[in-house]
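Colleague: Which chain is which? The protein sequence lines are A and B, in order.
Position 13, counted from 1, in the first sequence is what this note's numbering calls 13; the numbers after and before it change by one each time, with no gaps.
Position 68, counted from 1, in the second sequence is what this note's numbering calls 242; the numbers after and before it change by one each time, with no gaps.
Keep in mind the hints are simulated off the structure, nothing from the lab.
Misleading hints may appear alongside valid ones.
Distance ranges between label pairs, derived from CB positions [what the hints assert, rightly or not]:
hint : chain 1 : residue 1 : chain 2 : residue 2 : range
1    : A       : R58       : B       : R287      : 37 to 43 Å
2    : B       : T200      : A       : E156      : 44 to 50 Å
3    : B       : P236      : A       : T22       : 25 to 31 Å
Beta carbons are placed, not taken as given, at the ideal position from N, Cα and C, and that holds for glycine.
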Amino acid sequence: MRRNVPEINSSSTADIAFLLLTFFLITTSMGSDYGLARRLPELPAPDQPTETAKLKERNVLRLALDETDRLTCNDEPISLEELRSRAKTFIDEREDAPDEHLILLHCHRETSYKAYIAVQNELAAAYNELRDRLARARWKKSYAALDAEQQAAVREVYPQRISESTTPTEGGEW
Amino acid sequence: MGRFNKTGKRGVPALNTASLPDLIFTLLFFFMIVTNMRDSEPKVDITLPEATQLEKLERKTPVTFIYVGKPSETFRDELGDETRIQLNDAYADLADIPGYMTAEREAMSDENRQQAVVSLKVDQDTPMGIVADIKEALRQADALNVHYVAQKRK
Numbered sequence: 001m002r003r004n005v006p007e008i009n010s011s012s013t014a015d016i017a018f019l020l021l022t023f024f025l026i027t028t029s030m031g032s033d034y035g036l037a038r039r040l041p042e043l044p045a046p047d048q049p050t051e052t053a054k055l056k057e058r059n060v061l062r063l064a065l066d067e068t069d070r071l072t073c074n075d076e077p078i079s080l081e082e083l084r085s086r087a088k089t090f091i092d093e094r095e096d097a098p099d100e101h102l103i104l105l106h107c108h109r110e111t112s113y114k115a116y117i118a119v120q121n122e123l124a125a126a127y128n129e130l131r132d133r134l135a136r137a138r139w140k141k142s143y144a145a146l147d148a149e150q151q152a153a154v155r156e157v158y159p160q161r162i163s164e165s166t167t168p169t170e171g172g173e174w
Numbered sequence: 175m176g177r178f179n180k181t182g183k184r185g186v187p188a189l190n191t192a193s194l195p196d197l198i199f200t201l202l203f204f205f206m207i208v209t210n211m212r213d214s215e216p217k218v219d220i221t222l223p224e225a226t227q228l229e230k231l232e233r234k235t236p237v238t239f240i241y242v243g244k245p246s247e248t249f250r251d252e253l254g255d256e257t258r259i260q261l262n263d264a265y266a267d268l269a270d271i272p273g274y275m276t277a278e279r280e281a282m283s284d285e286n287r288q289q290a291v292v293s294l295k296v297d298q299d300t301p302m303g304i305v306a307d308i309k310e311a312l313r314q315a316d317a318l319n320v321h322y323v324a325q326k327r328k
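Please take these sequences and the hints and turn them into a complete structure.
Modeller: If you want it as structure tokens, here you go:
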């Protein structure tokens, strides 16, 4: 009588593993999902008039991108590097009254998305650098290392106030 | 000394492959951890713009993908060369966006609705007119959290 029960033949474990691996390779993606996060402004309710806050002209930074992707700031042409330092100075000067400054970005319909993202990137960089500087001065840590409450406090001093508009086409409503 | 016999082994013993499954399992776990389930395949060709101030998109919150670009190779014969909008996994028109987004948001719980993000993957040469129209359509559907996808500038 056979005493020795033969072991289960495990030579096909590798095949099962290959199958599972192939499944995962096909159905998943490494996902390059890094980007710039933004919040769009809400639509005003139909009975409320659109609020146009009265701001002094000097508290508004007007940026415009035309169809050839040329950037102008308050009607003078500038480059991307200058934009970052210009925006930083603008926001910094108004840190005591953070709700009164506004950055207006106006695009032409034919401006390329690349230029738009480049400008958004520089503005985000300006805000991030200012917030980081404040975080280091106050708590000796970088902005990213702060906890939620401290980050909210920093954001209150340097809120992101960017408003966007686009040239309407002929007969367009907005 | 007479007991030792040289006639036995001639060849080199075969490689022991008993640990091959373990290697494969290691690879498998790596892929399971590092990747996320792909919801939709972009049917449009997209070259992402470059940026430096990038934040990661949290995949835990419900995400709707909007791809904008020229149709990819396989679809180019039917659809030509114009920039197209793709919502999640099917081509769509601008007018479809508010309806689609409102329907998606109704189906979410209140908490999810606040955190829901729309991920915009737009080709870098797209004219801003289309993007502005899409943003306006999203505002109408009250989908206000937007994420512009970009790649890291080297």
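Colleague: What hints, given by number in increasing order, does this structure fail?
Modeller: none
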